[in-house]
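Novice: From first to last, the protein sequence lines are chains F and C. Heads up: the first sequence runs through residues 1 to 365, numbered per my numbering. Heads up: the second sequence runs through residues 366 to 451, numbered per my numbering.
Warning: the hint list may mix true and false statements.
Label-pair restraints from in silico Cβ distances [said to hold, decoys possible]: (1) R271/F to V430/C: 39 to 49 Å; (2) N269/F to D434/C: 45 to 55 Å; (3) T367/C to A304/F: 42 to 52 Å; (4) D397/C to E305/F: 20 to 30 Å.
In the SDA-like style, the derived pairs of lysine to any residue whose C-alpha atoms are separated by at most 20 Å in a straight line are [as the list claims (entries may be wrong)]: (5) K423/C to L6/F; (6) K380/C to K141/F; (7) K277/F to V449/C; (8) K380/C to L6/F; (9) K380/C to D3/F; (10) K380/C to A46/F.
Partner residues are not named here, just some residues of chain C that face chain F (Cβ under 10 Å, in silico) [stated by the list, open to error]: (11) K380; (12) M388; (13) H450.
Calculated directly from the structure, the hints in this document are not laboratory data. The beta-carbon is built from N, C-alpha and C at its ideal position, and this holds for glycine as well.
Below, each chain spelled out in residue letters.
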Amino acid sequence: MIDAPLALLAELTHRCPLRCPYCSNPTELTRASGELGTEEWARVFAEAAALGCLQIHLSGGEPTVRRDIVEIVAAARTAGLYTNLITAGVLLDAALMARLVEAGLDHVQLSVQDADEAGAERIGGMKGAQAKKRAAAALVKQAGLPLTLNAVVHRQNLHNLPRLIEIALEWGAGRLEVAHVQYYGWALANRAALLPNRALLDEATRIVQAARAAHRGRLVIDYVVPDYHAARPKACMGGWGRRFLAVSPAGNILPCHAAESITGMVFANVRDTSLAKAWLGSDAFNIFRGTAWMPKPCQGCENAERDWGGCRCQAFALTGDAANTDPACALSPHHAMLAEAVAEAGAAEFRYREFSSDRPRARPG
Amino acid sequence: MTPRFAPGVRLQEDKARGRWIVMAPERMFIPDEIALEVLRLVDGARDEAAIIATLAEKFAAPVDVISVDVRVMLEDLRDKGALVHD
Numbered sequence: 001m002i003d004a005p006l007a008l009l010a011e012l013t014h015r016c017p018l019r020c021p022y023c024s025n026p027t028e029l030t031r032a033s034g035e036l037g038t039e040e041w042a043r044v045f046a047e048a049a050a051l052g053c054l055q056i057h058l059s060g061g062e063p064t065v066r067r068d069i070v071e072i073v074a075a076a077r078t079a080g081l082y083t084n085l086i087t088a089g090v091l092l093d094a095a096l097m098a099r100l101v102e103a104g105l106d107h108v109q110l111s112v113q114d115a116d117e118a119g120a121e122r123i124g125g126m127k128g129a130q131a132k133k134r135a136a137a138a139l140v141k142q143a144g145l146p147l148t149l150n151a152v153v154h155r156q157n158l159h160n161l162p163r164l165i166e167i168a169l170e171w172g173a174g175r176l177e178v179a180h181v182q183y184y185g186w187a188l189a190n191r192a193a194l195l196p197n198r199a200l201l202d203e204a205t206r207i208v209q210a211a212r213a214a215h216r217g218r219l220v221i222d223y224v225v226p227d228y229h230a231a232r233p234k235a236c237m238g239g240w241g242r243r244f245l246a247v248s249p250a251g252n253i254l255p256c257h258a259a260e261s262i263t264g265m266v267f268a269n270v271r272d273t274s275l276a277k278a279w280l281g282s283d284a285f286n287i288f289r290g291t292a293w294m295p296k297p298c299q300g301c302e303n304a305e306r307d308w309g310g311c312r313c314q315a316f317a318l319t320g321d322a323a324n325t326d327p328a329c330a331l332s333p334h335h336a337m338l339a340e341a342v343a344e345a346g347a348a349e350f351r352y353r354e355f356s357s358d359r360p361r362a363r364p365g
Numbered sequence: 366m367t368p369r370f371a372p373g374v375r376l377q378e379d380k381a382r383g384r385w386i387v388m389a390p391e392r393m394f395i396p397d398e399i400a401l402e403v404l405r406l407v408d409g410a411r412d413e414a415a416i417i418a419t420l421a422e423k424f425a426a427p428v429d430v431i432s433v434d435v436r437v438m439l440e441d442l443r444d445k446g447a448l449v450h451d
């Protein structure tokens, strides 16, 4: 018996004005010409709702770079989905906000890269971004929509965590996500510049706990910890193919937004396969579903149905085999790799996210 | 007092599972049958008395019996952050 999914992550585009070095998009980005069209997304949303999804996260890249973002929001609401826009906010103006509200948008999640302007603009790689984000937050509040602020934290901005919490209150957010970077794709390439040491992590945890108590009833703080310092892995996606599916800008149907980082895995595409068929019958979903696929030490482990073996993408990125136990687990034979990475961290420079042909090339001669 | 849904909160049909769900930012909860009857009447226009009167008529029950149930229910939904009162 395969349960129906609860939520769909629709990655509408990989285009984005920001260049965050921990972006969760794959390192091979899809160009605008390869993106699904409005009608295709509308069909995907209807299929998702029929399959059992209740909520949709419209993400990217930056979803508002799409000229049809209002039509896309309207299509999600027509399908009956609770519609969440995950945005950097730098393209939002009063006119677009009004049209999004009219289309039925339910909730906005706004990213913030740092508390101080210079840091935020260095990490996001975009000048003037912070002022635009502040203005975007005000527009969301004026529109009467609930606002979540998403702060991805790492070694280069953790010193500003108390200020990030203040900004969430100042900007009127009801929720704040303090999310430590998860290391695959771009973030893995920048791990040495981003990974915090244990003392920094413990201090961040202490600050979050104190802020939760201080702002109870006013601000909910969700906290995602970096598993490099953990003894147990995270239950990635609540288990592969259990609650969640994602569709890439080009229409690939994914068990997790990072699943394309696992080389050799083949995905069905919405252009020729229904979401239901992919969810129930495709190899990509079935290969790591449940517990039968698990190797030792997961097989027979009392935590097997709690953490589901951890993260497949991380197992692949670090060990070369997606079917291995996530090295974040202390029982994994590869667990020592994480402590080594923590010990080696200390770089200051980023490799910014970019489309592959934009990369600087060596000049001849 | 006129209850209405808090920003970002709404009642949504979960057809695949044959139930109704209160959807909120990044969370959801399943109302029981009585809560669902009350929530269906929350439209930002009906006040508490109008909701009670409508339910008393629908279930052919005395207003004073219904009113206690409805007031407790509305209070609970407000504590959960699903409703606000004007």
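Novice: It remains to establish, for every hint, whether it holds in the given structure.
Specialist: Consistency of the hints with the structure:
| no. | hint | verdict |
| --- | --- | --- |
| 1 | R271/F to V430/C: 39 to 49 Å | 58 Å, violated |
| 2 | N269/F to D434/C: 45 to 55 Å | 51 Å, holds |
| 3 | T367/C to A304/F: 42 to 52 Å | 50 Å, holds |
| 4 | D397/C to E305/F: 20 to 30 Å | 28 Å, holds |
| 5 | K423/C to L6/F | 33 Å, violated |
| 6 | K380/C to K141/F | 31 Å, violated |
| 7 | K277/F to V449/C | 41 Å, violated |
| 8 | K380/C to L6/F | 12 Å, holds |
| 9 | K380/C to D3/F | 14 Å, holds |
| 10 | K380/C to A46/F | 12 Å, holds |
| 11 | K380 | 8 Å, holds |
| 12 | M388 | 4 Å, holds |
| 13 | H450 | 16 Å, violated |
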